[in-house]
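Enquirer: The chain contents come next:
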Amino acid sequence: MERTWNNKAWFMVLPVLLLVAFSAIIPLMTVVNYSVQDTFGNNDFFWAGSEWFDEILHSDRFWEAMGRNLVFSAIILIIEIPLGIFIALNMPKKGWGVPVCLVLMALPLLIPWNVVGTIWQVFGRVDIGLLGYSLRALGFNYNYVNDPFDAWITVIVMDVWHWTSLVVLLCYAGLVSIPDAYYQAAKIDGASRWAIFRYIQLPKMNRVLLIAVLLRFMDSFMIYTEPFVVTGGGPGNTTTFLSIDLVKLAIGEFNLGEAAAMSIVYFLIIMLLSWVFYTVMTAYDAEQ
Amino acid sequence: MNLTWMAWTLPTAVFFITILALLCGMAIWEYVSPGGNPRVGVLRFETTRGDRLFLSLLGSAFIHLAWLGLVGPNLWWALALSVVYAIGVFRYV
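These protein sequence lines are chains B and V, in that order.
Quick note on numbering: the first sequence equals residues 1370 to 1657 in this note's numbering.
Quick note on numbering: the second sequence equals residues 231 to 323 in this note's numbering.
Hints are not guaranteed to be accurate.
[As the list claims (entries may be wrong)] What follows is a set of in silico ranges between Cβ atoms, one per label pair, in the way DEER data are often shown:
1) B:GLY1508 / V:GLY299: 46 to 52 Å
2) V:ASN304 / B:LEU1479: 21 to 27 Å
3) B:PRO1396 / V:GLY266: 28 to 34 Å
4) B:ASN1515 / V:LEU252: 33 to 39 Å
5) V:CYS254 / B:SER1428: 35 to 41 Å
6) V:ALA310 / B:SER1428: 25 to 31 Å
7) V:ILE258 / B:THR1648: 44 to 50 Å
[To be verified] Below, in silico cross-link-like pairs of lysine to any residue (SDA-like), each with a Cα-Cα straight-line distance of 25 Å or less:
8) B:LYS1462 / B:LYS1377
9) B:LYS1573 / V:PRO264
10) B:LYS1377 / V:GLY266
11) B:LYS1377 / V:ARG274
Source of the hints: derived by calculation from the structure; they are not laboratory data.
The structure displayed is predicted, hence computed values, not measured ones.
From the three backbone atoms N, C-alpha and C, an ideal C-beta is built for every residue, glycine too.
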């Protein structure tokens, strides 16, 4: 059959293209321009070539922040994806409980990042915070200001509290779209709870899970505000993730060239990892 | 329009013009031969020629970074290696 090609549809995406050009492409071009130059202000730039990239690639500070970021993203995905699926599976599918659960799940997502950071910063304080004070009263030597382990736990729990709801809502949307006929057929076949999950629910959630994994990976890999407000990257540099280090470099030290080079390397790594996630999951989907 | 804040240089302008030329070339290729030429190559999943361009550009960026980090600042060899890599991607992926 002869396919019809209607290129007029491209005009419909033109506004989005313009918006993306101004919000992403032009700033990205500027960052590329900065990455090969040095500046001391006043819009005066001096050619530096690949010097900043060389410096970044041989910088322990960069690789340590990268390592912390990768570990953080891995922990976040390991906790939030199974937990999100578990909560979505146990949410009511009918009745008054549905809107109640949906509103409760949406609440953490409505709170701005800096407010979440402030809430947890106060919550975790050992002198006035409910969490910190209670843990101390129970005999735990908890102090996120001094102890790197406690700081990591606080940042991870905060992220789980803030973002697991997103995974829950996406999985729930996938689950409610499964027709009842599938469950009835499984019941007739005497399928176990695990078999229903493995062969009906999980394949039907595949696409939304792909979106959830991608969103949570990219968000956690770019995390800035929450750990910055709670720990400020400390104690020492133990919770200094790439974005925090980048801001320190660009604004704190006014090292725009090196910060631009770091941004580009950071961007390329996010692109590569997102492509790998996307490809693996869509290839798996096609196989199914 | 004053664009000094964008800090343009000749090499970066050439870089972006090359990317734009590649995208225009891909658009013309698509016009001449529509459908994106999907096929399953060595990676064992379907790719279109747009995917192959993306892989070539992303891979080239990492080849340049790896060359800079492991060998040295003479990036002409990295560019030559990237061209060979891109030809390989378009031929076999």
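Enquirer: Give a verdict on every hint.
Expert: Here is what the structure says about each hint:
1. B:GLY1508 / V:GLY299: 46 to 52 Å: 48 Å Cβ-Cβ, so the 46 to 52 Å window holds.
2. V:ASN304 / B:LEU1479: 21 to 27 Å: violated (53 Å)
3. B:PRO1396 / V:GLY266: 28 to 34 Å: holds (29 Å)
4. B:ASN1515 / V:LEU252: 33 to 39 Å: violated (53 Å)
5. V:CYS254 / B:SER1428: 35 to 41 Å: holds (37 Å)
6. V:ALA310 / B:SER1428: 25 to 31 Å: holds (27 Å)
7. V:ILE258 / B:THR1648: 44 to 50 Å: violated (27 Å)
8. B:LYS1462 / B:LYS1377: violated (42 Å)
9. B:LYS1573 / V:PRO264: violated (32 Å)
10. B:LYS1377 / V:GLY266: It holds: about 18 Å lies between the C-alpha atoms, which stays within 25 Å.
11. B:LYS1377 / V:ARG274: Violated - the C-alpha atoms of V:ARG274 and B:LYS1377 are around 34 Å apart, more than 25 Å.
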